[in-house]
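Asks: Chain by chain, the residues:
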Amino acid sequence: MRRLLLLPAQLLFVLLVLYAAITVPIALSQGTPFGFPQFIRGFSQVLVNDFTGNWGEANFLSFHIPWLQVYAYYIPTSLQLALFALPIAAALAYPVSLLAGWSRRPGLDVSARFVTLTGALLPVFVIGTLVVNAVFFSYLGWLDDLPNQGLIPSTSWFLDRGGYPTWIIYYSVTQPTGFPLVDAVLHHAWDVAFISLTKTLLQAVVVAVAYVAIFFRHARSIVRSASEEPYITGARSRGISERTLLWRHAAKQVTPSFLLVFALTIPEYLGVQFAVEAAFADYAGFGNLVFALLAPGGSALNAFEGLTPLDTLAFLLAIVVLAWTFLVDLIAIRLDPRGVLGR
Amino acid sequence: MTNASPVRPVRRKGLGSILVLALLVSVLLSPIGPLAPGKPSTGPLDHGTVQTAESRVSLAHSDPLGSFGHVPAAAAESSARIWVKGDLVPASRVDGRSTVTPSAHASTNFGAPLAGLEAVGTIVAPVVLGAIAVVLWFRRRSQPMPWMPGSSVGVPDPAAAARATKDEPIVLSREMKALAVPPTLRQRLARHPPSLGLWVGMVLLGGYLVAGVSALFEFQGSLNALPSNVAWIPSYAPLAPSWAHPFGVMPGFGTDLFQAIWRATPWDLAIVAGILALDGVLGFFLGGLAGANEGGVLDSVVTFLGDSLGSIPSFILVIIAFSGLALVLPSNLGLPVFVGVFGFILWPTMARTVRERARAVSHEPYVEASRASGAAPNHLLLRHILPNSLGPMLAQLPLDLAPIFFVLSAFPWYFNCAGPSPVLTGEYATPKLPALSPLPSVVFPEWGYLLGVGTCYGAGFPGGVSYWWMYFFPLLTILVFGLAIGLVCDGIERWRAIGRSAQG
Chain R
1 MRRLLLLPAQ LLFVLLVLYA AITVPIALSQ GTPFGFPQFI RGFSQVLVND FTGNWGEANF
61 LSFHIPWLQV YAYYIPTSLQ LALFALPIAA ALAYPVSLLA GWSRRPGLDV SARFVTLTGA
121 LLPVFVIGTL VVNAVFFSYL GWLDDLPNQG LIPSTSWFLD RGGYPTWIIY YSVTQPTGFP
181 LVDAVLHHAW DVAFISLTKT LLQAVVVAVA YVAIFFRHAR SIVRSASEEP YITGARSRGI
241 SERTLLWRHA AKQVTPSFLL VFALTIPEYL GVQFAVEAAF ADYAGFGNLV FALLAPGGSA
301 LNAFEGLTPL DTLAFLLAIV VLAWTFLVDL IAIRLDPRGV LGR
Chain F
1 MTNASPVRPV RRKGLGSILV LALLVSVLLS PIGPLAPGKP STGPLDHGTV QTAESRVSLA
61 HSDPLGSFGH VPAAAAESSA RIWVKGDLVP ASRVDGRSTV TPSAHASTNF GAPLAGLEAV
121 GTIVAPVVLG AIAVVLWFRR RSQPMPWMPG SSVGVPDPAA AARATKDEPI VLSREMKALA
181 VPPTLRQRLA RHPPSLGLWV GMVLLGGYLV AGVSALFEFQ GSLNALPSNV AWIPSYAPLA
241 PSWAHPFGVM PGFGTDLFQA IWRATPWDLA IVAGILALDG VLGFFLGGLA GANEGGVLDS
301 VVTFLGDSLG SIPSFILVII AFSGLALVLP SNLGLPVFVG VFGFILWPTM ARTVRERARA
361 VSHEPYVEAS RASGAAPNHL LLRHILPNSL GPMLAQLPLD LAPIFFVLSA FPWYFNCAGP
421 SPVLTGEYAT PKLPALSPLP SVVFPEWGYL LGVGTCYGAG FPGGVSYWWM YFFPLLTILV
481 FGLAIGLVCD GIERWRAIGR SAQG
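Keeping their order, the protein sequence lines are chains R and F. So that you can map any letter, position 59 of the first sequence is 59 in the numbering used here, and since no number is skipped, the others follow by simple counting. So that you can map any letter, position 169 of the second sequence is 169 in the numbering used here, and since no number is skipped, the others follow by simple counting.
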């Protein structure tokens, strides 16, 4: 299949872009030439082998371990959040897009567009910070916890109860699975599990609402064009109720397109989730790692043999997104071979 | 009567060359170009020049470009500052005579009033002029259809046509004319008046433009520095909105938010105009061309670029590309480089949506009919495919504002208060910029930066008192601006759609 052949080419192109965007300027400013093959070789070395670069002022970045292992520390909490946020987002987006796209009420269209644009323009970190202040803090204050330090309770919460348990190894990095909620349940720490669940749910709701505003914009036009299909008009003229038309016929037809929209907006989803994790001071989250690498700028560019953390970070994201897009394409083709292949 | 109108094809030979020339000149004169006038300094934090208020006034008066209007001595006196213990204090509070003026005031008097316009010109002028030149070039090469005025195709007898050009007036029935000549803009406006939304959007956008231009005149010499030091403002006792300070005051530098947002307006308009111009023009033309030549080389390239570059979240890619470029380029070019990088990173997304529409349009029956009756590809592109693919671009433009302001606000916010080593701690803490920020100085007026720092100050203390005005007003400014652009784009698209459906 053509898409499958294209995948390595795209990854190679991403590598080339990263090489041109960071490695070449660094080499130019340091006066040390650095070839592309050397870059690729160093890339694989850094990912897998021991790596002892100085990763900047952020103390939690001074690992002396391969980057794959660093990511292995940071990914589970983010994955836990995504596993909560995505179903909530889907449960919100599916009916909202269907109803708003189907309705012909004149005011609805304008208000829908207003909401979408406002939602897209509101920086999600502001919403996150306000939610932390308004809801999160008062509620968790009642639970004797602070909002910072990730998806598990804060240091002071543990110190009040006699110190950290042994299954929490570093900040919020837990053993053995890495997922805070799962680990708390495995160790029968029910109060930790409860607070972790609360924090995850609150973050997930913020992520979901912010993402739905992005998703909704694409999805509404899909529903609209589906509602104008001849067979819908035909079915309506035969007396089938609007409800059946919407939830049985139109809903079935738009699902593959919704999946494709989801695949296309996954980078935007990642951006939303990263910002929310940073706003909730989720130090074990991947989003915080991303921001910590990007925000100080200069220190993230500390190159080790011409390689920076940004290279591996961006490459990893590209792999995730491209693989995800490919997977969703496969599912969409399975659901609707005609529509997707005609694309 | 022959259908062919004997009017000669209009040759716009000179205009394209003039535009190309203007393009070259604007690039040469831009800050990137070699002939750039005074470059903006890095800002007032490198406090250096010791001046008295009098010498400052004389400087403002002797400067030919810097003094749009004259700076009254009293105003210069009251705006003189002194640098004490990391905070800026009015000179009148310390000593009226000898003051330390931030060097930006002294060194940028030359170019500062024009700086915002200059930044616009750097990106907008070359891009827009280039786009017009490309369109004109295509137009010159495209053959008009036989029934269009200006066509020489289908004339049976060249001699008769030549005679007709000289003597006979053009005879076309009214219906033919109506078919052949597309309605002018004025006719279309009269037939279908624009919607209320378009008017509201244009009024709002006009308000922003007025604010931007008036800021150029109001804050001539100090357009690239925040208004500092209303009073000593510790972070626990900020000034709420009042008549004197309608949007309130931020702690740290003691920035009056109303003035800060006003000063930031020309800069932000320039940044947004630059990025959207690059994004829109590149995305629209390349996407339209790709969609019109489906399966061609350009189509494959655009799709490939869109899919590959789109796989990395745009804010990460922008920071990566900008950090790299900032290492090799001079630091005072931060903003133009940022604008260029952002525009180049956003266009593949735009091209992808435009391409989809252009692909659909190029298979529409009327395009097929036009193609079958012998229209040249350039004619198809300019007359049918591109104009009818404008919709996705207009829908995407306001949404592309979101990543711009996200990058401009999220990184100052994270760096100053949300990261592992926050800067804004303590009573008199002043914000800092990340190492490779596009902004030239820490007191540079910019909406996103104000929003980021305002979120730090106003909402950065969980459970504490929330100083709502510090993030509310910058946020409101950005939101209303985005909505204005959204209303205008949406209004234009609806107006075009109504015109199309009424025609036919």
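Just to be clear, a hint being listed does not mean it is correct.
On the chain F side, residues computed to face chain R include the following (Cβ under 8 Å) [to be verified]: (1) L209; (2) I320; (3) A429; (4) T455; (5) L476.
Simulated from the structure, these hints should not be mistaken for lab results. All values derive from a computational prediction rather than experimental measurement. Every residue, glycine too, gets a C-beta built ideally from N, C-alpha and C.
Asks: Where does the structure disagree with the numbered hints, that is, which hint numbers, in rising order?
Replies: Failing hints, ascending: 1, 3 and 5.
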